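Chains G and F supply the protein sequences, listed in that same order.
Under my numbering, the very last position in the first sequence is 270; numbers go up by exactly one each time.
Under my numbering, the very last position in the second sequence is 270; numbers go up by exactly one each time.
Bear in mind the hints are in silico, worked out from the structure with no lab data behind them.
Pairs count within a copy or across copies, as identical chains cannot be separated in the list.
Pairs of lysine to any residue, SDA-like flavour, derived with a Cα cap of 20 Å: (1) 187 / 165; (2) 8 / 51; (3) 268 / 80; (4) 268 / 100; (5) 183 / 166; (6) 61 / 75; (7) 56 / 37; (8) 216 / 250; (9) 8 / 44; (10) 48 / 18; (11) 239 / 169.
Quick caveat, the model's predicted, so the values are computed rather than measured.
Each chain is listed here by its residues.
There are 2 protein chains.
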Amino acid sequence: MDKKINKTERIAMITKVLVEHPSKLYTLQYFSDMLDCAKSTLSEDIKSIEASFEKHASGKIFSVSGAAGGVYYLPLISQEAIQVIKEDLCAQLSKPERIITGGYLYMNDLMYDTAWLNQIAGAVISSYDVSKIDYVLTIETKGIPLATVIARMLNIPIVVIRKSARLTEGTTIQMNYLTGSKKTIKTMALPIKSIVRGANVLFVDDFMKAGGTTKGVVDLMKEFDATVVGAAFMMLQKTDDKKLIDDYFALVELEGINETTEEIIIKPL
Amino acid sequence: MDKKINKTERIAMITKVLVEHPSKLYTLQYFSDMLDCAKSTLSEDIKSIEASFEKHASGKIFSVSGAAGGVYYLPLISQEAIQVIKEDLCAQLSKPERIITGGYLYMNDLMYDTAWLNQIAGAVISSYDVSKIDYVLTIETKGIPLATVIARMLNIPIVVIRKSARLTEGTTIQMNYLTGSKKTIKTMALPIKSIVRGANVLFVDDFMKAGGTTKGVVDLMKEFDATVVGAAFMMLQKTDDKKLIDDYFALVELEGINETTEEIIIKPL
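Using the sequences and the accompanying hints, generate a full structural model.
In structure tokens form, the structure reads like this:
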């Protein structure tokens, strides 16, 4: 009886710790101290948890061997699940009441809804080799919650590019850039302390049109000796011209909005 | 043997689902469908998980009875754990290299670090009756990641007040307000669609000085028939005058920065 309770307690606590802190590496010693249990038993427990997650195709536990080894959890989702998210997003985004005068689409409710953010973030991290990413980068404002949820899943810091330098952020690198669609001059600014030299960053935003901002971000990162290893968006806007960057990921594409007929054409990618 | 595996699988999957989606209510039927198991067994399983969490003083499972009932998880932490976070924050924030010319403190790394955000968010949600909160409100930019992590823990939307109205956000209520410390005029703007009338909101930000922004937020919320049921900050700045609002929560208080001696005086609250 006592042993049974212990096993339940071990499975519950190991699962809780791993799932609550995705991408954080825990040693067997950590669980051994917490649960007062032999490492061989814990190793078996973790294998059982791993098998359960695999059976339900829901997240994945990774083992790292060696002296600095341990286990960590990553909330990866399947290609089928990503497809469902894309279709759900299209259904949500094509509601006529979203049309804003000027031919824009109201998306705040999705970008600020934590259930949607979890799903979009899950799709993004499942589409990259996340082990190589050091920071999740975004530009203020609407992409920050998505960047935060992704960064939390990857257990890495967020970096937020500002539209102007702030007194409270210290020495800053500022850069002017041209937006791709309307060719207006804008500024981006980032404190020097934000990024360690030589880092790999994943750029995340809600929306990409021509790609001018993203190209600006890639250029700005050069000043930090950083490499943009990916650029992920909730939505693309279809443009006649080729995007200003080549390599990007998005869930859905907006083909057009007709303000008169209240028709929104949006498709999964 | 077969039964034992099933029990492990059940405990792992129930724990995973609850911890991965805090504050989301799951019915016994949900788990019964997922795990092909009688509700009475699942009810026992959930009690065992609850007991394990309680033994390790790490998060809490709540049961809601009745037809619309079920269980949910909330990552609450103890008063002792909050005290530890406050002291860790003080140790981090009092490092001389944080001093920025002008007497400011560099805090981006903390406000953009997901491990710190988890801890601060855990302290905030453990200090309020969160069952009454409908939205986590913040004002751009630095408080958005903290608001996101809190909103994720509470399974409610984020609302982000902008510093000016945006074309892509539709009809907006705009308000001018006076900052408390330097008495400059600033603007806050929020799309009408952002908040359902009559809502309760928790305002969250990185830092409060005199409280002018927070008072502005309280006033703006009146236009939405919304009530600010709490205002939570990572840090307060000590001021000679009384703050412009009465009811707030913060983890630490900055008493002063001496740029010459490079001394930062900061204390847990």
